[in-house]
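Residue numbers (my numbering), protein chains in the order written: chain A, 6 to 189; chain B, 260 to 377; chain C, 65 to 166; chain D, 609 to 1013.
Derived from the structure by calculation, the hints contain no laboratory data. Even for Gly, the Cβ is constructed at its ideal location relative to N, Cα and C. It is possible that some hints are incorrect.
[As the list claims (entries may be wrong)] To give an idea of the interface, some chain D residues facing chain A are shown, with a C-beta separation under 7 Å as derived from the structure:
no., residue
1, Ile614
2, Val744
3, Tyr748
4, Ala751
[Said to hold, decoys possible] Taking lysine-lysine pairs in the DSS-like style, the calculated list, with each CA pair at most 27 Å apart, reads:
no., chain 1, residue 1, chain 2, residue 2
5, B, Lys371, D, Lys938
6, D, Lys994, D, Lys938
7, D, Lys700, B, Lys292
8, B, Lys286, D, Lys696
9, B, Lys371, D, Lys994
10, D, Lys994, B, Lys286
11, D, Lys668, D, Lys700
12, D, Lys994, B, Lys292
13, D, Lys668, D, Lys696
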Amino acid sequence: MTLLQLIFLAAAALTLGAAVMVVTTSRLVHAALWLILALAGVAVLFALLDAPFLAIVQVVVYIGAIAILIIFAAMLTRRVMQDSGRQTTRTWWLGLLAALLLFGGLVVLVLQVPGFQAAGGAAPDPQANLIDLGRSLVDVNAFILPFELASVLLLAALIGAMFVARPESRKPPGGKSGTPGGEA
Amino acid sequence: MHEQWIYVAFLLPIGVLLPGVAVLAGKILGPRKPNPVKGTPYECGIETVGDTWVQFKVQYYIYALIFVVFDVEAVFLFPWAVAYHQLAFYMVLEGVIFILILAAGLLYAWRKGVLEWM
Amino acid sequence: MIPLTWYLLLSAALLCIGIYGVLSRRNAVAILMGIELMLNAVNLNLVAFWRYLSPAVISGQVFAVMVFAVAASEAAVGLALIISIYRRRSTVVAEEIDLMKW
Amino acid sequence: MGWRMIGNPFGWIQQQLMTLLTGWGLSQAWAAAVLSLVGAVILATVLLVSTFFLIWAERKLLARMQDRLGPNRVGPWGVFQTVADLVKLLGKEIVTPAGVDRFIYYLAPLLVVMSVVGIWAVIPLAPGVQGTALDVGVLYVVAVGAIGELGILMAGYSSNNKYALLGAFRAVAQLVSYEVPMVLVLLVPTILAGSMNLEVIVQQQSPMWFVLVAPLACLIFLITSLAENGRAPFDLLEAESELVAGFNTEYSALAFGMFYVAEFLHAFTAGAVIATLFLGGWRGPGAETYPILGFVYFLAKTLVMWFLSLWVRGTVPRIRIDQMLAFNWKVLTPLALAVLTTTALADKLALELGGNRLLTNLGANLVVALVTLAALRAYARAQRSKEESQRIGGLVTAAPVSRHH
């Protein structure tokens, strides 16, 4: 067993353990923090896969942005669902069954393909790889359409989310323009 | 290419360990006389009313939201910026269009008064 | 060298944990966390396939970056919806948000 | 040999250690790993110890700006004041308030310190002296900073105190807001150097520093790093009147001290990042032949930027939170977008058409700056006339003042 394999196993154990905690722990903010740990584990795996850019993006986008958004939302909606209440649906065992069945099926499938035991080629040079990625994102013969569409998608998400989440009772002229139940 | 990360893999844990040792030393060296009043949450002279979970403004969420969108935008733009010197002019222009599309989102938020702190 | 199978198995496990989370949690925010886990599993798969099967072709990484964009949009809009529903109906329990159920 | 050792002590020590380790029978790769570990330990220790000096120097300089003496009792000019403070803090009780989330509560300050120390892994200290030449160095700086935000959020959440939680919310809202223009502006040096590797960015600044090519980007980065640090004029994290002491209200003794250390070290680190990205890092006459000179240049530039941030702290009054956020979203972010697009276009045009890169970029920056100033002026005028008309209208009809626009 090589050192890299050991690191992989450690990162995999971290990721899976944290992921299990995400779906089982009853305190929502704790679940979010476990999620961050799971995401960090995936970042380590990206680094192991010779994709330093994706590893760092995983930290910047997921841990630095999405996780913070989730924690914000968890705290904003905190009052109704105290963490002591029932957290799982009545049919949670069905979900477990479905997940286990799917996992079994996937394992059988993955193990049957012989080519998947193969080792990868030489690691690509990160700098050249980044340039390649940047080029192909704006190349007309490559991914220019998805690239611009991603921008439109983000724009739609921004406008949509702002429209949905904005405080509604903004009375334009005078009066108290506070959000209902809002504080500080 | 993994060698790049070795230093980071050392420095980050050390960055936690060293201050951790300091706090631990403080825990050991300092006195330890717990009493119920000391443990109560800080308030301005009166006892805490209600639980900690006051409700917060949705404004915080909206700022975080705009941040997330622009963060992802930057992620798309960094490879573009690295490849900059290898790009033809029209490719740079496409990146600029990408930025302008999102700038429209910011403009929309501005016009709608969402950016206002209330 | 780590075999590709390991990555695929890990990704499958992560996906199934995510699915379990989505199916079993009542809190809508927790359901979203499950979806994030699933998206991460997908991403891991994409990058692993890129690295092992076609490191010369950049598509795998482009797909992964697109997944990041989709994940961010999904989280932003999803959580905004949850907050909005919470403000109108005072609930974040997914089972109780059933106005459109027939 | 002797001269080489003095001119390049880093390389010399590294070489000596390398021969020593390989002499013990370690393979090249393992020896390099051990060297990395040693380097990391030294770097982290030096940084944390240097905060003693930084805190003292900052207090002393700030005191002078405010016409005070500052610490002057312990040791000559009070240099050992911080040591005395540390000894005092060591003797204080670290109170664990009731109802805190223990693990998270104690992890939070450590993460905040880590997020500052971690940045130094990618900063080139002298030619050939750098923790790691990460190819995604610029984004790494952003990523590590994000962990600090997380630490603040964890501190606020775990403290079981509504002021702490509110303070954390505000702090994170401020930090993420200012991160938007910061990340956008970080793209400018990346474009100019064609790399995210900080070492390459330093090397690419050989004819001229990026501060000359992109002065506006440098200015925006300076302002945002002030805000990221949470210092005056952006020190709203500690609005005593509303938030008690912000997210760290419930922390005591050394646990609180860690937030303090992180803040002071962050100011210095921000100076180092600016020096690397915009002021040419270790670049200077003779730096390449004598790396020790490069380190001196780097340190000097860093200290100048650090002093600048301190100067701002000492002179500019605190602004209100609505002003701060409006300034970010309505001035800095559009400006950063404008700077980014104009730099991308102007630099490419200069390269394609064979113009002078420096002059083209400077001109583009000048145009953006003038347009911004004109827009700000027009806005201020409109605002003033609106307020005046409202005041008159309010006097006549006593109507409620409309804040909607």
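Hint check results:
1. Ile614: violated, 34 Å
2. Val744: holds, 5 Å
3. Tyr748: With Cβ-Cβ at 6 Å, under 7 Å, it holds.
4. Ala751: Holds, because the Cβ-Cβ distance from Ala751/D to chain A comes to roughly 4 Å (cut-off 7 Å).
5. Lys371/B - Lys938/D: holds, 13 Å
6. Lys994/D - Lys938/D: holds, 19 Å
7. Lys700/D - Lys292/B: holds, 11 Å
8. Lys286/B - Lys696/D: holds, 13 Å
9. Lys371/B - Lys994/D: holds, 19 Å
10. Lys994/D - Lys286/B: violated, 58 Å
11. Lys668/D - Lys700/D: This hinted pair holds, its Cα atoms lying about 25 Å apart.
12. Lys994/D - Lys292/B: violated, 60 Å
13. Lys668/D - Lys696/D: Cα-Cα ~20 Å, so holds.
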